[in-house]
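Chains as they are written, first to last, in this note's numbering: chain A, 1 to 522; chain B, 1001 to 1541; chain C, 2001 to 2401.
Fair warning: there could be bad hints in the mix.
As the list claims (entries may be wrong) - Listed below are the simulated DSS-like cross-link pairs for lysine-lysine, each with C-alpha atoms no more than 25 Å apart in a straight line:
| no. | chain 1 | residue 1 | chain 2 | residue 2 |
| --- | --- | --- | --- | --- |
| 1 | B | K1355 | B | K1402 |
| 2 | A | K76 | A | K104 |
| 3 | C | K2327 | C | K2381 |
| 4 | A | K25 | A | K394 |
| 5 | B | K1164 | A | K156 |
| 6 | B | K1132 | B | K1164 |
| 7 | C | K2091 | C | K2179 |
| 8 | B | K1275 | B | K1317 |
| 9 | C | K2372 | C | K2313 |
| 10 | A | K300 | C | K2037 |
| 11 | B | K1117 | C | K2037 |
| 12 | C | K2037 | B | K1132 |
What the hints assert, rightly or not - Incomplete in silico selection of chain C near chain A, CB under 7 Å:
| no. | residue |
| --- | --- |
| 13 | R2083 |
| 14 | D2104 |
| 15 | D2105 |
| 16 | S2138 |
| 17 | L2140 |
| 18 | G2141 |
| 19 | W2277 |
| 20 | Q2285 |
| 21 | R2290 |
These are calculated hints, taken from the structure and not from any lab test.
Virtual Cβ for every residue (Gly too), placed ideally from N, Cα, C.
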Amino acid sequence: MTDTHDVIIIGAGHNGLVCAATLAKAGRRVVVLERADRPGGAARTRTFAPGYSVSSGAHFLNQFPVSLIEELQLAKHGLRFAAKGLATVALQADGRHLRLDGAKAAATDLGAVDQQAFAEFHAEIASYAAVLAGAFGRRPPRLVDSDWRDRLGLLKLGWDIRTLGRDRMREVLRIGLMNIHDLASERFEDARLRSAVAFDAVLGTSMGPRAPNTVMSYLYRRTADAFGHAGPSIPVGGMGAFADALAAAATARGAEIRLQAGVASIVVHEGRATGVVLDSGEVLNASTVISNADPRTTLKGLVGYRELDAGFVRRVEGIRMRGMAAKLHLALDALPSIPGLDAANAGDRLVLCPSLEGLDEAMNPSKYRQFSAEPVIELCIPTLHDPSLAPPGKHVISAVVQYAPVDLEGGWTAAARAEFEARIMARLETVMPGIGSLVSSSELCVAPDIQSEFGIHGGHWHHGEISVDQLLMMRPVVLFSQYAMPIDGLWLCGAGAHPGGGVMGLAGRNCAQEIIRKRASA
Amino acid sequence: MGSTNQYDAIVIGAGHNGLTTAAYLAKSGLRTVVLERNPYIGGATVSRELHSGWTYSNCSYVCSLLRPEITRDLELPRHGLQVIPYGGGVTFTRDGDYFGNYSDHEQQYREMCRHSKRDANAYERFSTDVMKQTRLIRPFLMRTPPDPTSLHPSQLRELARFGKAFAELGEEGFADALRFWTASIGDFLDGYFETDVLKTHMAGSAIIGTALGVYSPGTAYVLLHHYMGDVDGSIGAWGFARGGMGAVSGALQSALFSFGGEVRVDAGVSRVIVKNGQTQGVALENGDEVHAPLVVSSLDPRRTFTKIMAAEDLPPKLVQAARNFKIRGSSGKLNIALDGLPHFTGLDQRSPLMKGDMHCIDSLERMERAYDDWKAKRWSRDPYIDMLIPTQVDPTMAPPGKHMMTVFVQYCPPELSTGEWTDADRDAFGKTVVDQISRHSPDFKNLILHMEVRTPREIENEVGLTEGNIFMGELTFDQLLFNRPFPGYAQYRGPVKGMYLCGSGSHPGGGVMAAPGANCAREILSDLRRPALVPGSYSDD
Amino acid sequence: MNTLATRPAHDPRAMLETPFHPRIAAANGLQSWYNWKGYVSAERLDQIEFEYFAIRNATAVFDISPMTKYRIEGPDSEAFLNRLFTRDVRKIREGRVGYGVWCDDAGQVQDDGTLFHTGPDLWRLCSQERCLDWLHWSALGYDVRITDETASVAALAVQGPTSCSTLRAMGLSGIETLKPFELRSFPFHDGELMVSRTGFTGDLGYEIWTSTALALPLWDALFAAGEHFLIKPIGSAALNIARIEAGFIMAGADFVPAEQGVRHGRSRSPFELGLDWLVDFDKGQFTGRRALLAERASGSRYRFVKLDVEGNKPATNSFIFGAGQRKVVGTVTSAVWCPTAKSNVAMASLDMPYGRPGEELWAEIYYMRELKWTRVMARAKVMETPVFDPPRRRQTPAPRF
């Protein structure tokens, strides 16, 4: 038995590391326990074929606030960017690709009206997303049993909305719960523009474009602007290198990171967390135990429902976290040709989502536990920015593919995987003719694989659906959104807590600040 | 007294909301006329004799949401309205069994137990939770929504009232409210029940009249919309208007007449006349003009602002908003004269279950696939059906021993993938529905004496509901409360002085509530600084 | 998914009959029935006074078959129940019965009930309200099986001073040694009877549980044996007088089950129902523990009291006023004139800090005589013990009367 630490953090995902760095800086003796042999959680670089590496979870750095990168001095700790502020190209089978670079929408035949409309839309959405980003940087307020800090937070939120001006305030109250299909159709004539916007709204969720809430998930994604990102970035060495920098920052501040130290359970005594038991049987004690795991894994798996109130259990069971996204990694002998695309733009974030209707049709089968006949895809060719990931002259494609439900009817058998991969390849062929012959090796990771590789229940990369009823004071569940769980000394710092998923790091930082504040007021 | 075409107020459309607004304006002493395009009044609240001896409620067909405050205040029972409660309901399953929804609590419990004991127990929690949320909304039905962007004390007061209602729910109640307003009915029911047929029976109310599927977020609210009515204080109960839904509009018209108001039928309005930013009256389709400083439209907002008002009289943003207003046709309707009471497989003809709403789809997946058809611009091949035989309760609607059946169908798109609806399409749609019912009622086809089939095309052309949408606009949050019909226009005032909206396109929406009409009249009388006449809501405590 | 073959047949009847119904119907001279959870149940079969005095003077028999009954079994059954109940159920040994309450997360009472420890890893939970949904959610994480056995177990309450004699005469030898809250099985015909010394009357009494097939033989044997001990079937109305006299609370009357209320804040914690003795913070986790610890630290909102009300007009539905008769400090939940104790008793929920033992308050009573309504303000004194609590209730061996 050792109790040389004040704080145990379970999981060295990016939120766990941010939390560790913040607490260590405040003088806490922190140990981070990670089951894998590398830090990072879903921010990880992994060799998937001899000589080929890829960011096996998240493949872009998009929402992690630039201010936090600076605060943690990640550059000093080794973070380098291979690419920053990538534009998005919505690929079209006929080669009339649409490129979205910040507020600028460009395609050979895109009308001036739509170009203007997109610029205005981009700015308008950025102003709403900024309000949301502000709320993301604070703990979510309690509404009824609130203290002065909650009321201040609410006032701040109200003030931020009000200062948008009357027209925008009205508009955000109208569209906040709307669906992206309708909003995009209201704003744009061009089918490519509509579907590119809609794709961003549903990526990483289990919703289709007609689902109310999808404007909210679009706003959610666009908080990236407020966090200082003009577009997705790719670290040199992949997301694993980003995690290494975070780990170095935490270590430099005095946190200890123990790898290959999986936690089997959290020890609870008389309603208070006192430590953890490792897979090895070793017991570690600390007065504060923080879980970077998702809420279901933490509360059901590590704590056990027996230590919790039954109504709380019911709410935890109600968290929707049905993984819908798969990852496909391709090792390529050569750069695929993309007819119609300027070679200089091949390194952009590429999106394959032909139309709103096509997006809807891709989603439809998932309702019945089947995968898309024609999946929609986000991909990048990181080797164009960082050749170190593949042998000289060779390339890697990292793709996120929807919809591939975790609970596939009949299960993800080898045959199901092969068929889904074939369908993805068929889609890729429409914009990258001949790509099939370039593939020397491939790896398909569906939600159950994501669940086992990263330990995320349901393989849902946000640790829970991004929808209004699971955000802010409802994340992970109502009454327990301020990081403290209903076990004294137990906290949640992962994406399952406010403000949620994506590689954002704010859940970890907000949680740490709440712990520091609580100690200060005690 | 000026010419006979000079009035204090013109109301366009003699639907239940138009008549309600007109009744209150006339009661206040304004010289009021209601102009109706059809040769009969009622709008979507009508009784029609399309087959000799049979009365069809051929549009809206049941009554619950009609605000009792209005019924009482306008003395509608004295003017002939009688709402009779009905109970029961049944969903037939493919295996020849059914799920029966009894109005008696214990019978219902026992029938649910037959399918799942756990579900029967969870139903208590479900009804409690639904009741909590309807109690949150009901006090606001007879109130004008506040403008959240305004800092005027009256608006802040009204907003504070909302805040207080939410606070009274408690923190968890508030979260549940948000879940209710945003969740799909499928996900929502999954939080309570394990049995598909039970969920399916409950989910019907969440998609009726709505272009959303059971897995579309936002449908849980539509369920709430159907549960927030009452018959004699029994919240969530539904009833029949004796003599068909035309009894509602008939009573309203009679009340209007008693206050000296007028109704003109065959008087379709072609244009609202605006001069110097003030309404002057309307031009009729026959070329006549009727003049009044007040013009109130009970038409849906899109029709009002794009069909009978000129774009140059309106702010461009408003015209855009009217075009974007979601008013999606998703329903069809069959009205059928029957030679006798049909038999349904497995169900005794005397069962109280037959007196309620009957359904032919037994799984959420089938319901969702029915919606997939709508998205693909087809009518559902395996449609969701809400059918009732009101002649089991109301003796006035068919000859003795004969029956009338009203069949509401989801989904039916306003336009087909092949283009506009044709008569042949309509007949094929009717056949799809009749076949669906026949699967559970072998003698049904042989009992049909006459049948009226209405697709969104017929509903739009005959009733004037755009795309045949029964709620005059989708009940999604972007079109509810202060967003209904559009932000900045939720307080019943139009963009032009003297112009108002009183239809279901305004708060609190459709469903034969008459609340928009009453709320609109309250705002008009307040603008005219006339004494307040329109009642507020009863306390729900 | 259910299939037609496994689904029970549809039963279109509005109300069911209990296994004892043929006998009760025959005895029910008044034909006064009510609906108890879907079962035809007797409200009264005879003059209410006669039925009441059968409880306090002889042997009264009340059919409790409609009561909700769950069979709880499996290796984790004790742990599951201990997390459900606020009291330590590990102290209820096999062969014993315990009374208790369970709460929601906010520490608000969902219901009260009796828990029968009938065998190794085998329990029966009896309650007024149905709670399978809550039991289901509470069971996540436990190896436990829960079965609703309401319809398959027939049960009678046999209460009153001669009840022990009646059961002895019926052949349940040694029944007099059964201690309060103890249970024991006796062979009966080709099956058995489970007898517990429990009840809802505050008197000497038993409850008998058996299979539905043995219901009528049980009734017949019981009434044959009890004839000389003046056995009498009774309805719910008389039972209600006895339970108020004994100071027992009832769901729906004295508190709103926490999950059934649609109005936030109307429910009560165990402390607010005077059930502090049922809350055990030392046993480990149970649902509501955190909230109740917080309530204990910060104080309760309400106090539940028994009142001795001046005069003889029952304080039904009365408002309770403070000493100055100016301020309403609470309301009566149950009230009755007690025919044995000759007292006018009420139970009331009062705002804190009112209702300290011995405090004098006022009850506002309305009563009607020949269509004339009268309002009186009656003194109401907070009592510490119930007005009726006879020694025979606890004596073992049970006395013969």
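Earlier hints that do not hold, by number: Violated hints (numbers, rising): 2, 4, 10, 19; every other hint is consistent with the structure.
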